[in-house]
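S.K.: Quick mapping for you: the protein sequence lines, in order, are chains A and B. Residue 37 in my numbering sits at position 37 of the first sequence; the count goes up by one each step and never skips. Residue 53 in my numbering sits at position 53 of the second sequence; the count goes up by one each step and never skips.
Simulated from the structure, these hints should not be mistaken for lab results. Some clues are possibly wrong.
[What the hints assert, rightly or not] In silico DSS-like pairs for lysine-lysine, Cα to Cα no more than 30 Å straight-line:
#1 B:Lys49 to A:Lys9
#2 A:Lys57 to A:Lys44
#3 B:Lys61 to A:Lys9
#4 A:Lys57 to B:Lys49
#5 A:Lys9 to A:Lys57
#6 A:Lys14 to A:Lys44
#7 A:Lys9 to A:Lys44
#8 B:Lys49 to A:Lys14
#9 B:Lys68 to A:Lys9
These figures come from a predicted structure and were not determined experimentally.
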Amino acid sequence: NAGVTQTPKFRILKIGQSMTLQCTQDMNHNYMYWYRQDPGMGLKLIYYSVGAGITDKGEVPNGYNVSRSTTEDFPLRLELAAPSQTSVYFCASSYSPGMNTEAFFGQGTRLTVV
Amino acid sequence: AQSVTQPDIHITVSEGASLELRCNYSYGATPYLFWYVQSPGQGLQLLLKYFSGDTLVQGIKGFEAEFKRSQSSFNLRKPSVHWSDAAEYFCAVGVRTRRIAQKLVFGQGTRLTINP
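All chains, please: the whole structure from these sequences, using the hints.
M.R.: In C-alpha cells:
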C-alpha cells in the first residue's frame, strides 16, 4: 500500500516563483490536510478538506491555496514564494471526521525559498 | 485556545535506559491524544492514541503512555530504549473544527538521541 504520497521531496524556489506541492492518497479517505513544520514549532495546519470540492483554512493559510477535485488528490499551491515559506510540508489523510481517528502522513516536502 | 506543550526540546539517554517524554495539553473538552514519531527523513508515524477508557495505553515498538486528567498530561514511556528509537517525538491533541473535521494540534516536538 502506498498510503500518502508527496512530490517532490525537495525543492528550491526563488522569491516570487510559484509551485504546486502534490499529494495523493490511495486509502479512499475523505479528509485530507496540509501541515507545515518549522524547527522548534511543531506542525501547523495550513488547509484541510472534508471531501472533493470542499476545503477550509487552517491556522496558517496566508500565501497558500488548495483545491480538491478528486478524493485522491489534494495539491497545495504557492503563488508568490517568500522566504517565510521555507519549511517542511506534510500532507495527511484520515478516514473519519471524528477526533478519534488516526491521520496518515506522507514523507514530506522540504522547500527552501531563496 | 487548545495547545500542547512538550517541555523538553532535546533528550539524550543511553541505550537500554528507560525513557519518559513529557506532554501537557490544554483543551476544554474531552481530549483525544496522540503520540507520533518522526524518524530522520520520514513522515510521521502513529505510536499510540488515547480516546477513552483505560488511562494506560500501549502502542507500537514497546511504547506506552499514561493519561492523567488531573495533571493534563499524556507522558510517553519506554522501559528500555534501542538505538533505533532515536527520532523526533510529537504529542498532539485532536480538536473539532467548524466543519467537524479532525484537526491535530501538535506540540513542539522532543528530539531523542541515544548514546551507545
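S.K.: So, for every hint listed, does it hold in this structure?
M.R.: Quick rundown of the hints versus the structure:
Restraint check: the Cα-Cα separation between lysine 49 of chain B and lysine 9 of chain A comes to about 28 Å, which is no more than 30 Å; the hinted pair holds. Simply put, lysine 57 of chain A and lysine 44 of chain A have alpha-carbon atoms about 12 Å apart, close enough for the 30 Å limit, and the pair holds. Only pairs whose Cα atoms come within 30 Å are accepted, and lysine 61 of chain B paired with lysine 9 of chain A is accepted, the gap being roughly 27 Å. Pair hint lysine 57 of chain A plus lysine 49 of chain B holds up; C-alpha atoms about 26 Å apart against a cutoff of 30 Å.
Restraint check: the Cα-Cα separation between lysine 9 of chain A and lysine 57 of chain A comes to about 24 Å, which is no more than 30 Å; the hinted pair holds. Of the supplied pair hints, the one linking lysine 14 of chain A and lysine 44 of chain A holds, its CA atoms being roughly 23 Å apart against a limit of 30 Å. For the suggested pair lysine 9 of chain A and lysine 44 of chain A, the alpha carbons sit about 19 Å apart, so the restraint of at most 30 Å is met. Pair hint lysine 49 of chain B plus lysine 14 of chain A does not hold up; C-alpha atoms about 40 Å apart against a cutoff of 30 Å.
Our distance criterion of 30 Å between C-alpha atoms is broken by lysine 68 of chain B and lysine 9 of chain A, whose separation comes to about 38 Å.
The structure does not agree with the numbered hints 8 and 9 stated previously, though it agrees with the rest.
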